Amino acid sequence: DVKVTQSSRYLVKRTGEKVFLECVQDMDHENMFWYRQDPGLGLRLIYFSYDVKMKEKGDIPEGYSVSREKKERFSLILESASTNQTSMYLCVTRAGGWTEAFFGQGTRLTVV
Amino acid sequence: AQKVTQAQTEISVVEKEDVTLDCVYETRDTTYYLFWYKQPPSGELVFLIRRNSFDEQNEISGRYSWNFQKSTSSFNFTITASQVVDSAVYFCALSEAQSGGSYIPTFGRGTSLIVHP
Chain A
1 DVKVTQSSRY LVKRTGEKVF LECVQDMDHE NMFWYRQDPG LGLRLIYFSY
51 DVKMKEKGDI PEGYSVSREK KERFSLILES ASTNQTSMYL CVTRAGGWTE
101 AFFGQGTRLT VV
Chain B
1001 AQKVTQAQTE ISVVEKEDVT LDCVYETRDT TYYLFWYKQP PSGELVFLIR
1051 RNSFDEQNEI SGRYSWNFQK STSSFNFTIT ASQVVDSAVY FCALSEAQSG
1101 GSYIPTFGRG TSLIVHP
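So the protein lines, in turn, are chains A and B. Residues in the first sequence are numbered consecutively from 1, following my numbering. Residues in the second sequence are numbered consecutively from 1001, following my numbering.
Some clues are possibly wrong.
[As the list claims (entries may be wrong)] No more than 20 Å apart at the CA atoms, straight line, and that leaves these computed lysine to aspartate or glutamate pairs for EDC-like: (1) Lys-1003(B) with Glu-1026(B); (2) Lys-71(A) with Glu-100(A); (3) Lys-1003(B) with Glu-17(A); (4) Lys-1038(B) with Glu-100(A); (5) Lys-1003(B) with Asp-59(A); (6) Lys-53(A) with Glu-100(A); (7) Lys-3(A) with Asp-51(A); (8) Lys-1003(B) with Glu-100(A); (9) Lys-71(A) with Asp-26(A); (10) Lys-3(A) with Glu-1026(B); (11) Lys-1038(B) with Asp-38(A).
I should point out that these hints are in silico values taken from the structure, not numbers from a laboratory. As the structure is a prediction and not an experimental result, all values here were calculated from the model.
So here's chain A without its partners, still in its complex pose:
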């Protein structure tokens, strides 16, 4: 079974803090994605990566950055957390475009 593990299930941070969300997968998948999920808006793509050290902006990258130093780990960074970044963050991994996506359990981030 593919395992996609996000470092925290729930997180509370203060406005202005730098926040790191970690995602690790154990299936050697090259494709990894970060989405945020908000009620009524569905899943929106923040950043994605097809290989180590490679990153591409998604639809809503503002206020975020990513890091992929190793194939199995894809980190999402909130440079200076704001209340409008309160959301559920989902890490997704996939072997290829034709294959199904595997999801982490999600990190519910609250910025106060």
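Guided by the hints, dock chain B onto chain A, whose structure is given.
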């Protein structure tokens, strides 16, 4: 432009009713992939089915069935004799080639299905 439209925000049914979740997509590609995922209250999305653009054959899996129609760009999902355990948010997704040959999944906004006992 939204590429995957799930017009039904929430559907409420009574157990044993049949229910259909609609999904309409947009793409210019001839090669693409469609998916359905289920997100139960626990939160983790679970894969249900995949279809590629060359395979319009409908599929049935137990109480679940999917109807793929390229003519109407739809990939609808029907649950027969719904059960309380079917209560979840269901997402339809499209995976199409981007520049450079990469595929990025685009998700609909989800349909929340509530099945009452």
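Hint-by-hint comparison with the structure:
no., hint, in the structure
1, Lys-1003(B) with Glu-1026(B), "holds, 5 Å"
2, Lys-71(A) with Glu-100(A), "holds, 19 Å"
3, Lys-1003(B) with Glu-17(A), "violated, 34 Å"
4, Lys-1038(B) with Glu-100(A), "holds, 13 Å"
5, Lys-1003(B) with Asp-59(A), "holds, 13 Å"
6, Lys-53(A) with Glu-100(A), "violated, 23 Å"
7, Lys-3(A) with Asp-51(A), "holds, 18 Å"
8, Lys-1003(B) with Glu-100(A), "holds, 18 Å"
9, Lys-71(A) with Asp-26(A), "holds, 10 Å"
10, Lys-3(A) with Glu-1026(B), "violated, 31 Å"
11, Lys-1038(B) with Asp-38(A), "holds, 16 Å"
Violated hints for the displayed structure, listed by number in ascending order: 3, 6 and 10.
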